[in-house]
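A.B. asks: Given next are the chains, with one letter for each unit.
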Amino acid sequence: MDFEFVFPALVAGRFLLALAPFPGSLKHDHQLSSPLTSYPRLQEGVYLFQHGVDPYSGGLFRHSPLLLSLFSTAIPLQRHVSAFLWTASDAVAAWALVKIWRSRKKLQSSSRDGLIAAMYLLNPYIFFPTLALSTSTFENMLYLLSVMFACQGQVSASLLALAFLVQLSIPSIIFLLPITLLLITSPISYLAAPKLFTADLRKTIPILLEFLVYSTVLTFASTLACGSWSWVAQSWGAVFGLPDLTPNPGLWWYFFTEMFDHFRPFFLMVFSVHLLIYMLPMCIKFQHDILYAIFLLSGVMATFKAYPTLSDPGLFLSMMTLFPEVYPYLRHPIVTTFLHLHAALLLPLFHHLWLSQGTGNANFFYASTLVFGMANGAALLDAIWAGLRIAIGKLPDGAEAVQE
Amino acid sequence: MNLYLVLLAACLFVTSSHASQEEFHESLTLKPLQDGKVTSHFSFRTLLRGATPRNPETLDKEDNPQHYTLFPLTLGQILREYAVTELHLTLNAGKWDYDRWGYPEEEGVGTGAELWAWMGESSAQSVDQRWSGLRNALSGLFCASIGSLDEQRTTSPDFTFQPKGYLPEWSSSHQIRHGTLPSEHVCTENLTPFLKLLPCKSVSGIATLLNPHKLFDADWHGLGVHVRYLHDVGIEVRLSFQTVADPIRYSFVGKRDWSLRSLFDRAIERSCPVATTSEVRLQLPAESTAQISPDPSSLDNGYATFDISKVAKPLNIAMVWPDELKFEYPLTSTPEPLTHISVHRTLKGYSQSRGVLSIDVTNNMPITIQTSYLESMPWLLQFYLHSLKLYYNGVSRDDLISIVSYTPPVPHSRPTLLQAVLTIPGNSTLHLTLDVIKPFLRYTEHPPDAQRGWDLPPAIFIPLLPSQASGSPNGTAMSINGMEENKVFPNRNRIRPHKIYTPILLVDPATPDFSMPYNVIIMSCTLIALIFGSVFNLLTRKNNDLPIERILDILLNKCIS
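Protein chains in written order, with the working numbering: chain A, 3 to 406; chain B, 53 to 613.
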């Protein structure tokens, strides 16, 4: 179908959905927004800021000062304004996804554009967090914009978007290296014909320096906006210290609820470092197709980050539409799909049984987050396997691909 | 020069120790209530004339030796050690029913333990260090768990808790520390050390009546320790005990007649020889069918007074209603409300992650009044202040509240402090709602029997009567225009600001499974290791296409070796 028709129709549909009278409890749902992205907490922070109380002096508000200054000065946090802004941000993200696809295929437009936009805008893992007005919507948008600009070779725009993303969510720093590499290579698919990395690595230095400048400026701007450095510990520190143990679909919260006090710092360190160690191997193994490494790293983030919401795996799954060439080589697509469906049923059900109904206990929800973790891990493994397997191509009869 | 200084200091010390005289006053106030209950309020006041609180700047120097005859030494030592200017400790059990019982004689009636102190700032030892020491010392002195009033429960509500006495003008200013522990209960082990602080113990005088068997059987009971500094007078320590007993429960036929023997199982056998004044005051009910015996020493202002040193002993005051065969409970509350405002506070919502705090404040007076409102909430309940809504006659009226100060909570450490002033039009009800969230605790932070939940401290309201409200909120003393109040409530004779404590709340945060730590560590780590291992297995090996026979060979070789 024609993209010029499908995209406006999808966006219009999403606007109608955003204005639909959904229950207010959606905003408080732990699976759709975490303490770092929750809308009521953003409202609370803006309220406190406007009434002369430092919102970072307490533990309720952990958003970036950039969001605080945006919503306390330029844009009022009203229902319709917010609904518009959040949906528009999703539309921008979907458009960026389509642009990434186009630059990967070196096409002006393709028949797949509409499908890609639909896979983003109609993904329930994406649009439910947007309906809950979770600020992870902005994180996804900035991530896709950064990748899009990197694909188009626009260094400054890409780095600026990434610098904003890192301000909103510090773990996204793991995308810095692959995006830098993408900027000096091309987004064109070389999965099927791997080649060694040929670009000059010295070119990365000015790029990294430019990112450093943007980040420093934004950090100082944040400090200026809220008047002190207290935001660093409250907003970035929360990712490493996990002070708020509100449940989410990730693996950290119950682990650190049940953790012995004297082991807490050690495991916090292990979990934070664990997220970081995927960056380099992915970039080395997929040096011929850095965009694929970026995609895989978003899968790692969705599975292992400190305060994930459903929108993180949603981004990973929606990005899968960019790589149709690997579909025939996925390892266990049926199993992964069923794991995801299973988790999608269990998560809201057990969350409700535990916290609202009172007939289940914490283990119910914990078990469903484990299933969800398995689903995300399986999807990640499928994608890695397929990305490597495609290089071998079609096998003669009686042969099987193995690793040695 | 030094010798002169020493001599001068010695002279000063001698004169000051001569000047400090000690006085002991004891009194018991009995008041029959409209619902047949009787409140008794014991007050034991020791005055150390000419004494001043210790200046905290001198904390690093040797303190003057303390010699007391009547003043409780153990308490005095604590006050000197931590340089406390003013101290209030109350330990209560039960819910004070303001609608039926009116204002209490002793205003600190919040359920559980409440401790607040004004202390001067000092470079020698910080206020927080001394506050921590004070808590632990009082905890030891009164055998109560006040030590657990840690920084998770400590706030500085300087607007609501004005000093009762005088704060000396030192070079540094004074600070308040306040903490409540609603789950703490008062019992015999707290009363025994309390009695030891009295000069006559429970051997003679009014303190004879402090019989734990009866006191802790009362519907409401609580003890208090109040230390304050009166300018140009000295340091006053007041130990108080307050009960609300139900004579109808004790009587077989449902009569409300009572006597000291029925209330306390004792009578006053002899007077305390060191007491300067020792009296029992009995408030006479408005209806005159009641008879009292024996005859009081004096009668004035609706009170019958018995001077213990003069009346015949043993003294067993009794009050009987001879015409009444059986007490009829009043079906409705009195036509005239007993307090300026009535407050109802509830926590609504069934979810274990969020709820709504709902407060109804009714103004019982025909004029518009203001009331201060204090929430000192542990981080176990966190407010969304932006969701604060006020409704008056069903209409949203956010202009009727003004927030004086707000300190947001910090998880695992600091409580919320919300101080506000509400304006309530005459004879009407203000409805206030506030969205709250219940945080998730580490499994080690839950108390034993975690499913019961946590007791939350009471909110405190102080009706500010018209002349008070016009004063600046940070004024040192809340003056009150007695004329104004007496016009509205002619038969209310106590003229001072009254604190109103709401009943405590219970919050039930979601609990983890307490038997799971090892399982969770094992299962989460297994999942992470599984994904990590598989990813690195894929990333670190070389891909190849091999014929099936070759794969079988490799597998076979592996099995053999």
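Hints in this document: simulated from the structure, not taken from any laboratory.
Misleading hints may appear alongside valid ones.
As the list claims (entries may be wrong) - Within a straight-line C-alpha distance of at most 30 Å, the following computed DSSO-like cross-link-like pairs (lysine-lysine) qualify:
#1 A/Lys108 / A/Lys29
#2 B/Lys216 / B/Lys400
#3 A/Lys205 / B/Lys594
#4 A/Lys396 / B/Lys594
#5 A/Lys205 / A/Lys107
#6 B/Lys147 / B/Lys400
#7 B/Lys551 / B/Lys594
#8 B/Lys594 / A/Lys107
#9 B/Lys83 / B/Lys441
#10 A/Lys29 / B/Lys362
#11 B/Lys400 / A/Lys29
#12 B/Lys362 / A/Lys197
#13 B/Lys400 / B/Lys83
A.B. asks: Now, for every hint given, state plainly whether the structure supports it.
C.D. replies: Quick rundown of the hints versus the structure:
Among the hinted pairs, A/Lys108 with A/Lys29 is inconsistent with the structure: their alpha-carbon atoms are about 40 Å apart, more than 30 Å. For the hint pairing B/Lys216 with B/Lys400, the CA-to-CA distance comes to about 36 Å; that exceeds 30 Å, so the pair is violated. Straight-line distance between C-alpha atoms of A/Lys205 and B/Lys594 comes to about 29 Å, which keeps the hinted pair within the 30 Å bound. Annotation: proposed proximity of A/Lys396 to B/Lys594 holds, straight-line Cα distance about 17 Å (limit 30 Å).
Between the alpha carbons of A/Lys205 and A/Lys107 the distance comes to roughly 25 Å, so the proposed pair stays at or under 30 Å and holds. Proposed proximity of B/Lys147 and B/Lys400 is supported: the alpha carbons are some 20 Å apart, at most 30 Å. For the given pair, B/Lys551 sits about 78 Å from B/Lys594 by alpha-carbon distance, which is inconsistent with the 30 Å threshold. Between B/Lys594 and A/Lys107 the alpha-carbon distance is near 28 Å, which keeps this suggested pair within the 30 Å criterion.
Distance hint between B/Lys83 and B/Lys441 is unfulfilled; the C-alpha atoms sit about 40 Å from each other, more than 30 Å. With a CA separation close to 72 Å, the supplied pair A/Lys29 and B/Lys362 exceeds the 30 Å bound. For the proposed pair B/Lys400 and A/Lys29, the alpha carbon gap of about 19 Å is at most 30 Å, so the pair holds. In summary, the hint linking B/Lys362 to A/Lys197 is not supported, as the alpha carbons are separated by about 111 Å, beyond the 30 Å threshold.
For the proposed pair B/Lys400 and B/Lys83, the alpha carbon gap of about 36 Å is over 30 Å, so the pair is violated.
The structure fails hints 1, 2, 7, 9, 10, 12 and 13 (numbered hints given earlier, in ascending order).
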